[in-house]
Each structure stands twice: as structure tokens, then as C-alpha cells.
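There are 2 protein chains.
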Amino acid sequence: MYNVDIGKKILSANEEFALKNRHFLAEKKKLCLNMISSPGSGKTTILARTVTELKGRLKIGVIEGDIQTEIDAKRIRAAGAVAVQIETGGSCHLSAAQVSGVLEKFPVDEVDVIIIENVGNLVCPSAFEIGESGKIAVLSVAEGDDKPIKYPALFAKAKVLLINKTDMLAKGASEDFDIERVKADAYKLNKDIEIFPVSAKTGDGMSQWCDWLVNAVEKLKSD
Amino acid sequence: MYNVDIGKKILSANEEFALKNRHFLAEKKKLCLNMISSPGSGKTTILARTVTELKGRLKIGVIEGDIQTEIDAKRIRAAGAVAVQIETGGSCHLSAAQVSGVLEKFPVDEVDVIIIENVGNLVCPSAFEIGESGKIAVLSVAEGDDKPIKYPALFAKAKVLLINKTDMLAKGASEDFDIERVKADAYKLNKDIEIFPVSAKTGDGMSQWCDWLVNAVEKLKSD
Chain C
1 MYNVDIGKKI
11 LSANEEFALK
21 NRHFLAEKKK
31 LCLNMISSPG
41 SGKTTILART
51 VTELKGRLKI
61 GVIEGDIQTE
71 IDAKRIRAAG
81 AVAVQIETGG
91 SCHLSAAQVS
101 GVLEKFPVDE
111 VDVIIIENVG
121 NLVCPSAFEI
131 GESGKIAVLS
141 VAEGDDKPIK
151 YPALFAKAKV
161 LLINKTDMLA
171 KGASEDFDIE
181 RVKADAYKLN
191 KDIEIFPVSA
201 KTGDGMSQWC
211 DWLVNAVEKL
221 KSD
Chain U
1 MYNVDIGKKI
11 LSANEEFALK
21 NRHFLAEKKK
31 LCLNMISSPG
41 SGKTTILART
51 VTELKGRLKI
61 GVIEGDIQTE
71 IDAKRIRAAG
81 AVAVQIETGG
91 SCHLSAAQVS
101 GVLEKFPVDE
111 VDVIIIENVG
121 NLVCPSAFEI
131 GESGKIAVLS
141 VAEGDDKPIK
151 YPALFAKAKV
161 LLINKTDMLA
171 KGASEDFDIE
181 RVKADAYKLN
191 KDIEIFPVSA
201 KTGDGMSQWC
211 DWLVNAVEKL
221 KSD
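Those sequence lines, one after another, are chains C and U.
For what it's worth, our numbering labels the leading residue of the first sequence as 1, then goes sequentially.
For what it's worth, our numbering labels the leading residue of the second sequence as 1, then goes sequentially.
Bear in mind the hints are in silico, worked out from the structure with no lab data behind them.
Since we're looking at a predicted model, the values are computed, not measured.
Just so you know, even glycine gets a beta-carbon here, dropped at the ideal spot from N, CA and C.
Check each hint, because a few of them may be wrong.
In silico lysine-lysine, DSSO-like type, Cα no more than 27 Å apart, as pairs [as the list claims (entries may be wrong)]:
| no. | chain 1 | residue 1 | chain 2 | residue 2 |
| --- | --- | --- | --- | --- |
| 1 | C | K188 | U | K20 |
| 2 | U | K221 | C | K150 |
| 3 | C | K201 | C | K221 |
| 4 | U | K28 | C | K150 |
Here are some chain C residues pointing at chain U (derived, C-beta under 7 Å) [claimed, not checked]:
| no. | residue |
| --- | --- |
| 5 | R22 |
| 6 | L25 |
| 7 | S38 |
| 8 | G40 |
| 9 | T69 |
| 10 | C92 |
| 11 | L122 |
| 12 | E143 |
| 13 | G144 |
| 14 | G172 |
| 15 | A173 |
| 16 | R181 |
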């Protein structure tokens, strides 16, 4: 007769690697954030500006996920941070195994936080854990204020929502985007989500997000 | 001894349904377009405006693909066209089987063209044929002019590229978006692609795209 432990969850290969990455990062006490959005919401611009604004306060390491090209990693390096590119070669999201491969050679001890910019896709990346401490959702005002209710999965899971390109509202473009509606819909899905309206282009609102990031790193270190 | 025909391609379930849809639509001589873009590029607004501008010239039927909600189908019906919603319930692209299920009950004989608005996702939908005569790519100027080289699959396959939200350029938002760069990169991937800069909001450029659509329907009918 056999005893079968039905309480034990069988992990997928991706979940195994995510767990491995999570253990590795927890041991090092490093915050790791998985940044997810549609293409063109401004993830890379936000990251480059965050690196610049936090120079001297926080050392940020970036892992860039893209289907093709190394454009984004180059932009981050130009801003002064370590950046490693993963080209998925067609795949619509980063896998935990890909991230694991990069973490093995990443100068983890030299940075305070690792931010992983996932492939531009509001849907698939939110279904694949990569070992992150939390997800950062980015939504630009140009995309419309109905996105949390149309694509709820990411907003329900994210620790932070950055509403980007608020400079467009000031210019009278995307004037039908209602920030209060987005906030209300996001809170309905996720009462603990932190929401920061920002313009990575002008810098407006970036200091609140940067302060949140510094505090999150401090908190993890002192835990 | 067995003879194995290695020349015969084994079709996936999705390809089988795509073929079935294609045969059905070819028999009816109906143009069917698969519209693909990131969330928030303006697919639904383009469709609603196209329906309005072509009233009396072309009867358009719309199949709306969304992960959740029937918002988009309602917007199309308000513009005066038949619209059926498919809620994928989490899936990041429409399958040919889902489209086949809708086509069985769709008033195909009463429309001149069927436009299928796929789930908002620049990546996955381009990998799944659904029986379409061609793909329409939509890119808004707010998304940045590097998208064809970063996400080449869709631009390499599309019959038409609509560059939307050109009104933002006029307002001085997204002023770093270079339409000529997008055109050049798209032509490099796909020399036959038809490109129309439009603003579905103001109507600017819509008549060229509408004329293309009317001609494409006429051409298929007379073939």
C-alpha cells in the first residue's frame, strides 16, 4: 500500500525555477520587482529616470526582457545602471528559467534592488512568476482608463501601479482619461495596491515612486 | 512495408479550425480582417469610426475579442454595426475554434466584411491564424516608434498598418514619434504593407483607410 501526500502541490518547471530564484534573492535580502505593461507604456523610460533620480541613494540593477533587440538594456546602461538583456526570441513573457540563468552571473551583491522589465505585454507575463518580490504594473494615460477592468489579472496582483505619461493630460491629449476611475477600479481589484501617477518624461510624480522604492528596499533589509 | 507521406503537413487543432473558417468565408466571398495591437491603441475607436464613415457604402460586421467585459461590442453596436463579443476568460489571443463558433451564428450574408478585433496584445495573437484574409496592425503614436523592430512578427505579416492617434502629435504630445522611421522599419519587414496614419478621434486620415477597405471588399467580390 502506498501513502500519497495529496497536500503537496506539484510545481511546474516554471514554478520550480521561480522558487529557486525567490530563495536565492531572499538569502541575499534583495528586493526584486517584475515590471509589466503593454508595449510603449514607458517602462524603460521610467527605469532610466528612476536610476538617474536615485543616483547616490540606491544602486539599481536591471534585467531587460525583450522579444528582440538590445535597445532597452543600452538605454538603461546609458542612465548609469547595470543592465542585462534577455532576448526571448519570440516568446511573449520571461520565464523563471531565463531569469535564473541571468541571476547566476548578475552582480547581485553590488546592487540594492533588481528590477526586471518584462516583455511588453499586459496579459501573459502576469501569469508567470519569475521569483519576484512583487509586480509593478505600468499603464500610460494614452491607453485608456478602462484597462483595469478589461485586463484585471495584472492589476489584481501588482504591488504598485504607475500611471505614466501624465504630461499628455497637461497637453490636452488623452483628455478623456480619468485617473480617479483607474484608481477606483484598481482598488476594487486590489485594496493594497500603491498608485503613483507619474511622467517619466518631465519627472512629475517620480519622487513619490522613488521614495516608495527606497523604503521598500530598507524594509526588506531590516526584516 | 508502409509508405509515409512526409510531404503532408500535420495541422494543429487551431490550424484545422482556421482552415475551416477560411473555406467558409471564401465560399461566401467575404473579406475577413484580424485586427491586432496592444491594449489601448484605439482598435475599437477605429472600428466605430469606420462603421460610421462607411454607413451606406459598406456593411461591417464585427467580432470582438476580449479577456473580460462586453464594453467593446457595445461601443460597436452603438455605432450601428452588428457586433458579437467573445470573452476569452483569461486567454491572451482568440483561437480559430472560438471564431468558428461565432461564425456559425453570425449573420454573414448580411455584411460585406467581417472585422475581428483580437485581444489587446501585440505579441501572441499574431501567432494564431483564425481564418482571416489578412491582418490589420494598429500602432498608436503614444507607444513609441521603435515597435516594428522590437515586435517584428505582426508587422512582417500584416496587410495594413494603421498608425493611430496622430492628433497627439499635433498637440505636441509624443513629439518624439517619427512616422517616417516607423514606415521605413515596417517596409523593411514587409514591402507590401499598406500604411495609413489616422486619428480615429478627429477623423484625420480615415477616408484613405476606408477607401482601401471598400476596394478590398470589391476586389474579393469580383475575383
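To see whether the hints hold, each was checked on the structure:
1. K188/C to K20/U: violated (42 Å)
2. K221/U to K150/C: With a Cα-Cα distance of about 36 Å, the restraint between K221/U and K150/C is violated, given a limit of 27 Å.
3. K201/C to K221/C: violated (31 Å)
4. K28/U to K150/C: violated (33 Å)
5. R22: For R22/C, the interface hint is violated, since the closest Cβ of chain U sits about 24 Å away, which is over 7 Å.
6. L25: With a minimum Cβ separation of about 27 Å from chain U (threshold 7 Å), the hint on L25/C is violated.
7. S38: Status holds, d = 4 Å.
8. G40: This hint holds: G40/C lies near chain U, its Cβ roughly 3 Å from the closest one there, short of 7 Å.
9. T69: Check passed: Cβ of T69/C comes within 5 Å of chain U, closer than 7 Å.
10. C92: holds (4 Å)
11. L122: It holds, given that the least Cβ distance between L122/C and chain U is near 5 Å, below 7 Å.
12. E143: E143/C check passes; min Cβ-Cβ to chain U is 3 Å, inside 7 Å.
13. G144: Hint on G144/C: holds, closest Cβ of chain U at ~5 Å, below 7 Å.
14. G172: holds (6 Å)
15. A173: Result: holds, 4 Å to nearest chain U Cβ.
16. R181: For R181/C, the interface hint is violated, since the closest Cβ of chain U sits about 13 Å away, which is over 7 Å.
When the structure is compared with the earlier hints, violations turn up for hints 1, 2, 3, 4, 5, 6, 16 and for no others.
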